[in-house]
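Number of protein chains: 4
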Amino acid sequence: MIHLLDKEEFHTHKGIIKTSEIIGKKFGDSVVTTTGHRLYILKPSFYDKIQTFRRPTQILYDKDIGFTLFKLGIEPGMRVIETGTGSGVVTAALANIVKPGGHVYSYEANKDFSENAKSNLSKVGLLKYVTIKCSDARHGFEESGVDAVFLDLGDPWNVIPHAFKSLGDGSNLASFSPTINQVEKAVSTMKSEGFLAIETIELLLRRIRIEDGKSRPETHMIGHTGYLTFARKAKKQEE
Amino acid sequence: MIHLLDKEEFHTHKGIIKTSEIIGKKFGDSVVTTTGHRLYILKPSFYDKIQTFRRPTQILYDKDIGFTLFKLGIEPGMRVIETGTGSGVVTAALANIVKPGGHVYSYEANKDFSENAKSNLSKVGLLKYVTIKCSDARHGFEESGVDAVFLDLGDPWNVIPHAFKSLGDGSNLASFSPTINQVEKAVSTMKSEGFLAIETIELLLRRIRIEDGKSRPETHMIGHTGYLTFARKAKKQEE
Amino acid sequence: MIHLLDKEEFHTHKGIIKTSEIIGKKFGDSVVTTTGHRLYILKPSFYDKIQTFRRPTQILYDKDIGFTLFKLGIEPGMRVIETGTGSGVVTAALANIVKPGGHVYSYEANKDFSENAKSNLSKVGLLKYVTIKCSDARHGFEESGVDAVFLDLGDPWNVIPHAFKSLGDGSNLASFSPTINQVEKAVSTMKSEGFLAIETIELLLRRIRIEDGKSRPETHMIGHTGYLTFARKAKKQEE
Amino acid sequence: MIHLLDKEEFHTHKGIIKTSEIIGKKFGDSVVTTTGHRLYILKPSFYDKIQTFRRPTQILYDKDIGFTLFKLGIEPGMRVIETGTGSGVVTAALANIVKPGGHVYSYEANKDFSENAKSNLSKVGLLKYVTIKCSDARHGFEESGVDAVFLDLGDPWNVIPHAFKSLGDGSNLASFSPTINQVEKAVSTMKSEGFLAIETIELLLRRIRIEDGKSRPETHMIGHTGYLTFARKAKKQEE
Chain A
2 MIHLLDKEEF HTHKGIIKTS EIIGKKFGDS VVTTTGHRLY ILKPSFYDKI QTFRRPTQIL
62 YDKDIGFTLF KLGIEPGMRV IETGTGSGVV TAALANIVKP GGHVYSYEAN KDFSENAKSN
122 LSKVGLLKYV TIKCSDARHG FEESGVDAVF LDLGDPWNVI PHAFKSLGDG SNLASFSPTI
182 NQVEKAVSTM KSEGFLAIET IELLLRRIRI EDGKSRPETH MIGHTGYLTF ARKAKKQEE
Chain B
2 MIHLLDKEEF HTHKGIIKTS EIIGKKFGDS VVTTTGHRLY ILKPSFYDKI QTFRRPTQIL
62 YDKDIGFTLF KLGIEPGMRV IETGTGSGVV TAALANIVKP GGHVYSYEAN KDFSENAKSN
122 LSKVGLLKYV TIKCSDARHG FEESGVDAVF LDLGDPWNVI PHAFKSLGDG SNLASFSPTI
182 NQVEKAVSTM KSEGFLAIET IELLLRRIRI EDGKSRPETH MIGHTGYLTF ARKAKKQEE
Chain C
2 MIHLLDKEEF HTHKGIIKTS EIIGKKFGDS VVTTTGHRLY ILKPSFYDKI QTFRRPTQIL
62 YDKDIGFTLF KLGIEPGMRV IETGTGSGVV TAALANIVKP GGHVYSYEAN KDFSENAKSN
122 LSKVGLLKYV TIKCSDARHG FEESGVDAVF LDLGDPWNVI PHAFKSLGDG SNLASFSPTI
182 NQVEKAVSTM KSEGFLAIET IELLLRRIRI EDGKSRPETH MIGHTGYLTF ARKAKKQEE
Chain D
2 MIHLLDKEEF HTHKGIIKTS EIIGKKFGDS VVTTTGHRLY ILKPSFYDKI QTFRRPTQIL
62 YDKDIGFTLF KLGIEPGMRV IETGTGSGVV TAALANIVKP GGHVYSYEAN KDFSENAKSN
122 LSKVGLLKYV TIKCSDARHG FEESGVDAVF LDLGDPWNVI PHAFKSLGDG SNLASFSPTI
182 NQVEKAVSTM KSEGFLAIET IELLLRRIRI EDGKSRPETH MIGHTGYLTF ARKAKKQEE
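If you read the protein sequences in the order shown, they are chains A, B, C and D. Residues in the first sequence are numbered consecutively from 2, following the numbering used here. Residues in the second sequence are numbered consecutively from 2, following the numbering used here. Residues in the third sequence are numbered consecutively from 2, following the numbering used here. Residues in the fourth sequence are numbered consecutively from 2, following the numbering used here.
Think of the hints as simulated: they come from the structure by calculation, not from any bench. You may find that some hints are simply not true.
Note that the list lumps identical chains together, so a pair holds whenever it fits in one copy or between two copies.
For lysine-lysine, the following DSBU-like pairs were computed, each having C-alpha atoms within a straight-line distance of at most 30 Å [stated by the list, open to error]:
| # | residue 1 | residue 2 |
| --- | --- | --- |
| 1 | Lys-15 | Lys-112 |
| 2 | Lys-100 | Lys-129 |
| 3 | Lys-19 | Lys-129 |
| 4 | Lys-119 | Lys-192 |
| 5 | Lys-44 | Lys-129 |
| 6 | Lys-134 | Lys-100 |
The whole structure should be built from the sequences, with the hints applied where relevant.
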């Protein structure tokens, strides 16, 4: 994604193209670079848009985001809490589905990160469906009765009790953690808070090189991003 | 998910509960079975709902559905084509996100499957966002300018040219196939049709058993469901 | 592997064969069963032989055994300690390579297991290269200067100091554990004992169904057996 | 592994050590470098030795070699054929187990590779158990009645018929190929030659970083090396 009016020409690793050649073209048209490569002008998908986000923090991988959205059952109109915001990629993915009637409340303690995320979300037109709160989730969430909570922070166990309070009955929690030790502490806290149907998974994504008669998985792959834990809130029983 | 008025009592593997005990309770409440187990009444999530679908056909796995929805950039308001409908699980997943303004056009040549899928979608309130066509996708799609096409059938190469015609410029195609040979033929057809940014991946999901001091991946896992291939439409160049 | 003189005929899931038909045949010959299936008489490989072992205990998987033998650099003439013996499969694998000049010292606290392992090893002619000690490894090993130690027991940390004493300088230790928590305790003990070059891995084996034009990984696979940790002994420094 | 008399001092990434400081020390002793790091003098294991091989060709990974040796049932005294020799790593692994009574016949069409492999094997004292033949395996093997054949070349289908002739009845074949298409052609040839018990697998190795309270799989891993196919020879039936 390029902002067309920024420069007179663009230098790509496939040669140079002039802005003037692009203006007036439609999505699907193409231009030829100075080195003879044909480049296509494509309507950016949501997936393209989030690739342009400035990312000061490590981000979740597509495989983890896609699975989480599906398991949490995110749909238009939902109200969702997330922490931390990070670069806002998950925030955008949530907002892009709950819009236009729903809302994402995203907590980020780091001021630089929250400002950067706002800028990222604004750039792709999703900031109106999001409230980014520069606030430490360990001190609690202000919303209640929300449809889902997603946690991506180093000490989820300190936030899980707040998530329980904010979730509506029967609503879902997801938590992402890189180490098995974090998962153990998180699951233990989920159990003591009364969460049900707790399950932990990890996803491995393998790229396959398809060439007629020479197809094979790629040599290198990401061996680990983190574990995803899902749980369900049920009203606490009075003893 | 249980339809409450069907029976006087329910037999579960954790004991029997009387319908009369459940009526009047709210989501989050619980009942105690004849064998002393506490069962919770939870508001069904979208994910729960699709677990109730009758499934005469093999279905895609969650990991594959979640990733596909995210990579295709499915969002509210989109118009999407899918074939085959199968039991309607992917149809429901698509409809649940494109709703209320968008629409899913789902092609299924098998009459029994298309009737069953209609019934499944109706049960969860999503049929109004879906048109199920009992029609063979090999003969073409009636829609044009759609935002995404998802193919889950044995011979995607016979349908990929129709997908190209129906997709809007810059829009995305996804195709699911169990064998590497199908993927090779599909990718070859995508290339000759002019699709760009073709990539194939597979996802492995591993369940992790979390127990304090005894955490480990589960012994058994699904080793393969299928390969997912994604591609992007760009307008064909006149030579 | 069948002991020919045991019965007059053999019932297999591909039909019945008479002992008299087999006698006089050579390896590579075949017989036809009552249901018309051709069965081949093959010289049992070492791999076949260990498939016949009675296995009262869970056993290590081939993938783990093969990798361990290679990483430990097991070769003819080596002296190796192992515990627990279990059904003797790893014992046999070790003995089959260190033979005829080397020896395996295998510690097994459970009397039934050690007797069964002796019987298994005797059946395949390897008992003469093995000393099975019905003794608890937590009380120490009697051998010193050995070329390798392999640990497969629930609390390796209680045996690692004994392994350090028994290993020759520069020799290798391997330890197998199903849970990540066991590995953490084992690695911590290895470090405090002075082991070097500690590394932990896991292996995933996937079966591939090869059929012309329909090749794909098998649907089901073993998702986890355990973690393998390798370490190197170096003489302790006097402070 | 360092040849001690080559230089007066050694530069490592942990500082410099003088040769004179090492001489007279035993395995297990240590020296301190100019930057204060303690380095240990360890007896090289077989595994260390093969790390020193000059490798002009791509080599098989440990996981694949270890599993192959075990599945083929390689043991002291066996006669084994291998092609291509490559850098001689698999040759060394085979020789190190079949020694002293067995022998490896290794075919390599490329003269530079075969010379380099000879030099590598000589360096680790294994050349006396190996005959490296600078000859194209497509023209056949000179040995017969061998206990195992291992194929690592681009067109195994051209060599599989020769492998069948050279193998003793009931003996095992293994073949390594990076692409699924090669495996399909190899398996098809194995079937038409009369091989039995054909199976194909792939191994994934994942390194685990163990740190107390922060244990997790490594971020990067090798996603693919190749597929291993195993098969068993049975005497051909006269029709």
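Status of each hint after checking the structure:
1. Lys-15 to Lys-112: neither (38 Å within a copy, 40 Å between copies)
2. Lys-100 to Lys-129: both (9 Å within a copy, 19 Å between copies)
3. Lys-19 to Lys-129: Answer is neither: 34 Å inside a copy and 47 Å across each miss the 30 Å cutoff.
4. Lys-119 to Lys-192: This pair counts as neither: shortest intra-copy Cα distance 34 Å, inter-copy 39 Å.
5. Lys-44 to Lys-129: Classified as both: same-chain Cα gap 22 Å, cross-chain 29 Å, threshold 30 Å.
6. Lys-134 to Lys-100: both (19 Å within a copy, 29 Å between copies)
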